[in-house]
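Take these sequences, add in the hints, and give me the full structure.
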Amino acid sequence: MATNNDVILQMNHIVKRFGPVTALKDVNITVRRGQIFSICGENGAGKSTLMNVLSGVYPYGTYEGDIVYDGETCKFRTIRDSESKGIVIIHQELALVPYMSIQENIFLGNQIRKGIAIDTDAQRKEALRVMNLVGLNENPDTLIANIGVGKQQLVEIAKALTKDVKLLILDEPTAALNDEDSFKLLDLIDQLRKEHGITAIIISHKLNEIAASADAVQVIRDGQTISHIDIDAEHPLDQDALIRDMVGRPLTNRYPDHQSHIGAEMFRMENWKCHHPLDENRLVSKDVCMNVRKGEIVGVAGLVGAGRTETMMSMFGHQYGTHATGKLYLEGREVNFPSVRSAIDHGVAYATEDRKVYGLNLMDTIRGNTSLASLKALSKFGVIDETQEKKIAEKYRTEFRTKAPTIEMPSGNLSGGNQQKVVLAKWVATNPKVLILDEPTRGIDVGAKYDIYEIIDQLADAGSAVIVVSSELPELLGICDRIYTMCNGTITANVDAKSTDQEELMRYMTAEIPVDPSKVYA
Amino acid sequence: MSAANSAAVKKGDDKVETQSLKELLLGNARSYGIFFALVVVIIVFQILTGGRLLNPNNVVALFQQNAYVLIAAIGMLMVIIATHIDLSVGSVVAFIGGVGALAMKNWGLNWFLAIMLMIVIGLAIGAWHGFWVAYVGVPGFVTTLGGMLIFRGLATVVAGESIPVSDPTFRAISKDYLPNVFGFWGEFSSNAIIVGVVAIVLVIWMQLRKRNNAIKNGLPVQPMSFVVLKLVIAVAAIAYVTYLLACSGNATQGGIPIVMLIIGVLIGVYWFALNRTVYGRNVYAVGGNRKAAILSGIDTKATDFKIFLNMGFLTSIAAVITLSRLASATAQTGMEFEMDAIAACFIGGTAVTGGIGTIPGAMVGALIMGVLNQGLSIMGVDAAWVKTIKGLVVIAAVAYDLVSKRKKG
Numbered sequence: 001m002a003t004n005n006d007v008i009l010q011m012n013h014i015v016k017r018f019g020p021v022t023a024l025k026d027v028n029i030t031v032r033r034g035q036i037f038s039i040c041g042e043n044g045a046g047k048s049t050l051m052n053v054l055s056g057v058y059p060y061g062t063y064e065g066d067i068v069y070d071g072e073t074c075k076f077r078t079i080r081d082s083e084s085k086g087i088v089i090i091h092q093e094l095a096l097v098p099y100m101s102i103q104e105n106i107f108l109g110n111q112i113r114k115g116i117a118i119d120t121d122a123q124r125k126e127a128l129r130v131m132n133l134v135g136l137n138e139n140p141d142t143l144i145a146n147i148g149v150g151k152q153q154l155v156e157i158a159k160a161l162t163k164d165v166k167l168l169i170l171d172e173p174t175a176a177l178n179d180e181d182s183f184k185l186l187d188l189i190d191q192l193r194k195e196h197g198i199t200a201i202i203i204s205h206k207l208n209e210i211a212a213s214a215d216a217v218q219v220i221r222d223g224q225t226i227s228h229i230d231i232d233a234e235h236p237l238d239q240d241a242l243i244r245d246m247v248g249r250p251l252t253n254r255y256p257d258h259q260s261h262i263g264a265e266m267f268r269m270e271n272w273k274c275h276h277p278l279d280e281n282r283l284v285s286k287d288v289c290m291n292v293r294k295g296e297i298v299g300v301a302g303l304v305g306a307g308r309t310e311t312m313m314s315m316f317g318h319q320y321g322t323h324a325t326g327k328l329y330l331e332g333r334e335v336n337f338p339s340v341r342s343a344i345d346h347g348v349a350y351a352t353e354d355r356k357v358y359g360l361n362l363m364d365t366i367r368g369n370t371s372l373a374s375l376k377a378l379s380k381f382g383v384i385d386e387t388q389e390k391k392i393a394e395k396y397r398t399e400f401r402t403k404a405p406t407i408e409m410p411s412g413n414l415s416g417g418n419q420q421k422v423v424l425a426k427w428v429a430t431n432p433k434v435l436i437l438d439e440p441t442r443g444i445d446v447g448a449k450y451d452i453y454e455i456i457d458q459l460a461d462a463g464s465a466v467i468v469v470s471s472e473l474p475e476l477l478g479i480c481d482r483i484y485t486m487c488n489g490t491i492t493a494n495v496d497a498k499s500t501d502q503e504e505l506m507r508y509m510t511a512e513i514p515v516d517p518s519k520v521y522a
Numbered sequence: 001m002s003a004a005n006s007a008a009v010k011k012g013d014d015k016v017e018t019q020s021l022k023e024l025l026l027g028n029a030r031s032y033g034i035f036f037a038l039v040v041v042i043i044v045f046q047i048l049t050g051g052r053l054l055n056p057n058n059v060v061a062l063f064q065q066n067a068y069v070l071i072a073a074i075g076m077l078m079v080i081i082a083t084h085i086d087l088s089v090g091s092v093v094a095f096i097g098g099v100g101a102l103a104m105k106n107w108g109l110n111w112f113l114a115i116m117l118m119i120v121i122g123l124a125i126g127a128w129h130g131f132w133v134a135y136v137g138v139p140g141f142v143t144t145l146g147g148m149l150i151f152r153g154l155a156t157v158v159a160g161e162s163i164p165v166s167d168p169t170f171r172a173i174s175k176d177y178l179p180n181v182f183g184f185w186g187e188f189s190s191n192a193i194i195v196g197v198v199a200i201v202l203v204i205w206m207q208l209r210k211r212n213n214a215i216k217n218g219l220p221v222q223p224m225s226f227v228v229l230k231l232v233i234a235v236a237a238i239a240y241v242t243y244l245l246a247c248s249g250n251a252t253q254g255g256i257p258i259v260m261l262i263i264g265v266l267i268g269v270y271w272f273a274l275n276r277t278v279y280g281r282n283v284y285a286v287g288g289n290r291k292a293a294i295l296s297g298i299d300t301k302a303t304d305f306k307i308f309l310n311m312g313f314l315t316s317i318a319a320v321i322t323l324s325r326l327a328s329a330t331a332q333t334g335m336e337f338e339m340d341a342i343a344a345c346f347i348g349g350t351a352v353t354g355g356i357g358t359i360p361g362a363m364v365g366a367l368i369m370g371v372l373n374q375g376l377s378i379m380g381v382d383a384a385w386v387k388t389i390k391g392l393v394v395i396a397a398v399a400y401d402l403v404s405k406r407k408k409g
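Protein chains in written order, with the UniProt record's numbering: chain A, 1 to 522; chain B, 1 to 409.
No wet-lab data here; the hints were simulated from the structure. There's no promise every hint is true.
Partner residues are not named here, just some residues of chain B that face chain A (Cβ under 10 Å, in silico) [unchecked claim]:
#	residue
1	213
2	250
3	251
4	252
5	277
6	289
7	293
8	384
A quick note: this is a predicted structure, and the numbers were derived from the prediction, not measured. Positions of the beta carbon are idealized from the N, C-alpha and C atoms, including for glycine.
Okay, here's the thing in structure tokens:
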């Protein structure tokens, strides 16, 4: 493919300004027909802005430079203009209506009509055709709310196929997917390219996926195109070189060196059971046993649906599921967390996944978010000591290198990595004995990830016991001392992180064989 | 990593971090815009009414007539911030007023006990609404829609025909002034002058103390020029209002009307509660992101319950003032009070989606409506048209808010 010189898209000297801020300084990209073209760069590098310029979200005239698509210069004024040329963009936040069916979503804004009415039969037929193309085996009348994120992603692609797509743009398509679903999706895109001649632009943070699927990589940094790397069998992707281009500084190691100082047992969970909130007969956690020691970083690996988050949430003040039973011990004493408050008061902190939904009040400032879980300690007779509050927020802003001019900045204006640092600050401010981090680096750039790993190491060094739930196996291998694997609600292994690898972990994550009870605790 | 590290350290070394004046004005344009709008509305009507709008007694009347909106808007603000709504205010005012009037006329309660009774009923109604919203999960819209019907119905039962109130002390609440203990100083009422001077001193002292505290703790502060500018404007505004109030009244009394004291105390207490207490923080957190608030250990149910409890309390105060002003309780009292309070909040920049809103904003929103009302009626504009204009203003205010936000994003 790399020798193919048929260029489908060229963007020349694109400059895009937002008031005084220049988001794109001088971007030049060339995409060949039938390629899988990957764009990567840190958060805020300008990737999404560039795609919005291409798809007409920012109309012609609001940017400088030209777009040459299929041999002609384009002046898109709306998304419809670009769609009529076969350019379809699928955003990171899926644009699906949860309480409408798959079929209705596929034709949303583009309904097949018979007179003034929608021709449901024709839509269903066409929906089945495109669903078949993307390998989605569902009833077209199933509601979007009832299918998983992986399948929702397929619905978006099916929707694009109804629009006669030639150039498909996917913004972080695998950010919310597990590895299995991610590779299925990338396979699908590869297949669409081969069978339908579709060209795909994929914005991604996951370097191993880029290495496995892309024909070319374009690195963007600070609104400028830095390097264009062609990949083929003879020239595999040099991930370290790619990372260097992305962050503009050499990263000799993606994970900081860390010498653990492990002490006595801090927290233990014994035979934890919890049921699905809607289906009381279904066990989501099946006799989960685990422990974590002072100064230790323990990982929890598992595919989506393994029950990792559900187990943690049901323990943390019964915030998930029903009929949770089992025993919890903190520093050897049995404890009970009937509410989130009681868990926090005992020194357990849980930085949840999906920071925008569960972690932050995006309307509130960095200061307000940082102090939210520790207001009790920061107040006297219900009156907040504002000076103390500001001091703490300022302390964590500098220590965590949160990129924001002041602590009075609304957290909604921050980039993903910086928002995650605010979430961490909120929980670290409670002085936790046990800190649970759920997907602490999802959707954030390499530089911010490194910062967060360093923070985790420092917390462990300060004597906290840390549990990291993550879908990225290299991350768990890189930062943890020990890793538990979960499959379908069961703990299937307890392994030393230094003496295992991704393949071994994946084997345990896919086989529901409970771990030998004598080996479940460290 | 070391480069980033040293940059962060360097920044921390700076002695006093000040934000630039331009940054401040731009960053706060939205919050100051509302005050600016109020000034514009006042100036326009001052001209249109040939100077009658700011006649001292008209200013006092403005507060006396709009006291119920100002007070109800404080409660409504918290309700809206927490993503709820209260449609029952008007009906509850009518019901509480009916019981209060009945208590004084038929049961022989004195004015003080009658007020206590009214407040207790207000709290009970607030608890009733709070119970359904917080602990059963019925949306506030539905709960208070029910409340609107229930209490209008009960108001009709209690005060089917109007019940007069004649107690002079009770009547004084809405129409009299604070006593002038130090008499009149020439043309001026001493109480207004004293309170005005104290207010000016307090404002200056608080601003400077806040700034010094921040400097002492190494936190970024606003530049002195900005603080001085803010103080000059604030002092001038307070001085002018003080002057107007000092000139108001008649030969025997004047200065600060009693309702203004009540409003002032409520604004102060609730401003403090919303900005400086854990309760206030919980209200904003629940409105901004309920899930995140729950997972941060906040008892969101108790927070919701207290919000409606406060709403009930403030509604009862509005009922006391309304009953005192009208001197009789009828089933039709308080019609559309809730709408005035909701409109005041929205004009004052409270977010329709919850999570954002301030007491000064809501108060200015209420005053803008009050000035519109008063200015137009001084000009002799028909009440029907006044209502129409008010409706347009509400839409325009929220539209402006949304458009200005969109530009920023």
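Results for each hint:
At about 6 Å, the closest approach between the beta carbon of residue 213/B and any beta carbon in chain A falls short of 10 Å, and the interface hint on this residue holds. Evaluation of the residue 250/B hint against chain A yields a violated restraint, the C-beta minimum of about 42 Å exceeding 10 Å. The beta carbon of residue 251/B comes no nearer than 45 Å to any beta carbon in chain A, farther than 10 Å, and the hint placing it at the interface is violated. For residue 252/B, the interface hint is violated, since its Cβ never comes within 10 Å of a Cβ in chain A; the closest pair sits about 42 Å apart.
At about 5 Å, the closest approach between the beta carbon of residue 277/B and any beta carbon in chain A falls short of 10 Å, and the interface hint on this residue holds. Hint status for residue 289/B: holds, given a least beta-carbon distance of 4 Å to chain A, under 10 Å. Checking residue 293/B against chain A: minimum C-beta separation of about 7 Å stays under 10 Å; hint holds. A hinted interface residue such as residue 384/B counts as satisfied when its beta carbon comes closer than 10 Å to some beta carbon of chain A; here the least separation is about 38 Å, so the hint is violated.
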